[in-house]
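Residue numbers (the working numbering), protein chains in the order written: chain F, 52 to 464; chain Z, 2 to 239.
Since the hints were made in silico from the structure, they are not lab data.
These numbers come from a predicted model, not from an experiment.
There's no promise every hint is true.
[Said to hold, decoys possible] Chain F residues, not near chain Z, derived (Cβ > 12 Å throughout):
| hint | residue |
| --- | --- |
| 1 | Asp54 |
| 2 | Leu56 |
| 3 | Gly250 |
| 4 | Ile363 |
[Said to hold, decoys possible] Covered by chain Z, according to a simulated footprint, are these stretches of chain F (three or more residues, beta-carbon under 8 Å):
| hint | region |
| --- | --- |
| 5 | 354–361 |
| 6 | 429–443 |
| 7 | 450–459 |
Glycine residues also receive a C-beta, built at the ideal position from the N, C-alpha and C atoms.
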Amino acid sequence: MRDLLLAKLALRTLGRNPRRTLLSIVGIGVGCGIVLYMVAFTRGSSEMRIRAISESGFGHARIAPATWEKTRDSDLRLVDWKRDLDIAGSMAEVEFAAPHSRTTALLAFGTCVTGVEMVGVDPNVERNISRLVRVLSEGRYLERGDEGAVVIGTAIADRLEVELDDDLFITIAGAGGEMKYAMLRIVGIVSTGSRTIDGTICHVTLAEMEHLTGYLGAGEITIVFRDPSNIDALTVRLQERLEGTDPVLSWKVVIPSQGGDMGSDTVFMNLLMGVVIVVAVLGVASAQLTAILERKREFAVLIALGMGGGRIVRLVLIEALAMGVLGAVAGLAMGFPFIYPAATSGYNFAEMMGGDFVTEGVLFDPIIYADMGMWLIPLAFAVALFSTLVAGLYPAWYALRTNPTSALSLREA
Amino acid sequence: MNTNLVDVRNVTKDFHNGKITVNALRGLDLAIHEGDFLAIVGPSGSGKTTLLNLIGALDIATSGDVHLFGHDLTALSRRERAELRLTSLGFVFQAYNLIPVLTALENVKFVLELQGIDGGRHERAMSTLEDLSLGELANRRPNEMSGGQQQRVAVARAIVSRPRLVLADEPTANLDSENSEALLRMMRELRDRHGMTFVFSTHDPLVMAHATRVVTLLDGRVASDEVKNAGEEVGSAN
């Protein structure tokens, strides 16, 4: 077997100074463990954010009218929403496709008045995509065929001083700017636990919305994919299926601030991981360079014997790789005691966030869980091996440049 | 035995240490023939080791020509010189310089591995060790052997691939006279048996006594070049 002794030499070399090797492995392990923890936490919080966005009724993507992204006008309607809905529904990757229409409305009861964004929904689908409508404190959620029925949040109910079965007076600007009026009966009151969210929920059926506004059809179709880890690609695929009638926008476009937050979180975490890896690389490089300096004479002998540059580099890099493998194992061992509780018990940010964890209409779970899975193993090896290989490059180059005549001279013996 | 393995013509070698230039070799001429058992002697600083490094393709002359097996060493790349050392040269160092984490057998096998010899590596290395009465020490690491034993392993490593030329820099400097004598006899035997050429840089009278030719260097030049006959060799050695 070729280079068997080279590998043997590299591996046995690690045992020459066990303390230094152990410290190097611990160094790689600590760096690797920190990176694993950070990645697990970042992945967990990203998944939680996407889930919160989706379950707050925004889905993973949205089929929206062509000019919606620019104008954000809630009175816009899709060109052919039923066709879009059929196409989206026929895609295996799509779990739910929920049509919505929106308008701004004024709700009044007695002398109390409040403005809200009223949402027209398909009740059967809405129950599946939005956890907000599953938490009814009173009454029931909407059903297909409901006429003159509305579901509101507790904060709206409190503001208007209404109860279940009270009739609300609704004023909206209909098609052509015409003011329209209607009486809607409260059939359900939703209590999400967030005053902010409960102050925004006002749902009617799609048919009711058409009837009230005079705008026909849906203004958007909210899409929930089966695989939330592949949203961007699936969004593009759905867009291709629709053949350009209405654009499909990912959640990052629908709620740009959330996309920006996640992007900046990821950049920050990557930066921190970069710093950790650089520190680990420098530590290992320093230790390995010291080891090379101590073995300068040995490298001179190897060069004198005719060992080529490729083999010298390979020898140093095999040593680095071996330390990388052990460092990865150490990293997993050191990271696990921190990742496991973070993945199972999570971190509760409720107190830090003042109890109401809502931004841009997204209701977040205050407990963030780290993502723990088998993917940590290849990641640990990738991080540790990459770090040690990079760390080994300069020492390898240094070993390669050994001048055998001066290294073998008695003065340096 | 008149073929020139090595031709050194008008070679100079300068070393620079800051503003100080040391002229280690100053227009040296030397031809080494196949089968020579040659001792290069001279006081410290006379240029013995420098000459050995140039012949061994470990260093490049400042001026002049060094031809090794017909190759002009100054014209060879670093890689080509490494290849030449690997295939045609053997080195024995004063401080043995065995690889400490490898056993005697592995140290010897390592050269064969470097040469890319796949089959029969173990047998060949083992037989070389046995030829040097080191069979029982094959699985010992250098720190488990005496100086004499280590130097014999170093010789085994140098000759296992049957190089045409073996360069030995003060090979007996760390050995007692008994071990030195045994080592030199063994090398002479190898020369006689395999037709190898040995070049020593030395201060040791014992090496000079065993040598068939003694070249004396002084101030970077050849001061004398003495070829001895067979009778003289044996007589001097005893």
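Tested hints:
1. Asp54: violated, 7 Å
2. Leu56: violated, 5 Å
3. Gly250: Holds, because the least Cβ-Cβ distance between Gly250 (chain F) and chain Z comes to about 73 Å, which exceeds 12 Å.
4. Ile363: violated, 10 Å
5. 354–361: With 7 residues in contact (Cβ-Cβ under 8 Å with chain Z), the coverage given for the region 354–361 of chain F holds.
6. 429–443: Violated: only 0 residues of the region 429–443 of chain F have a Cβ under 8 Å from chain Z.
7. 450–459: Check passed, 3 qualifying residues.
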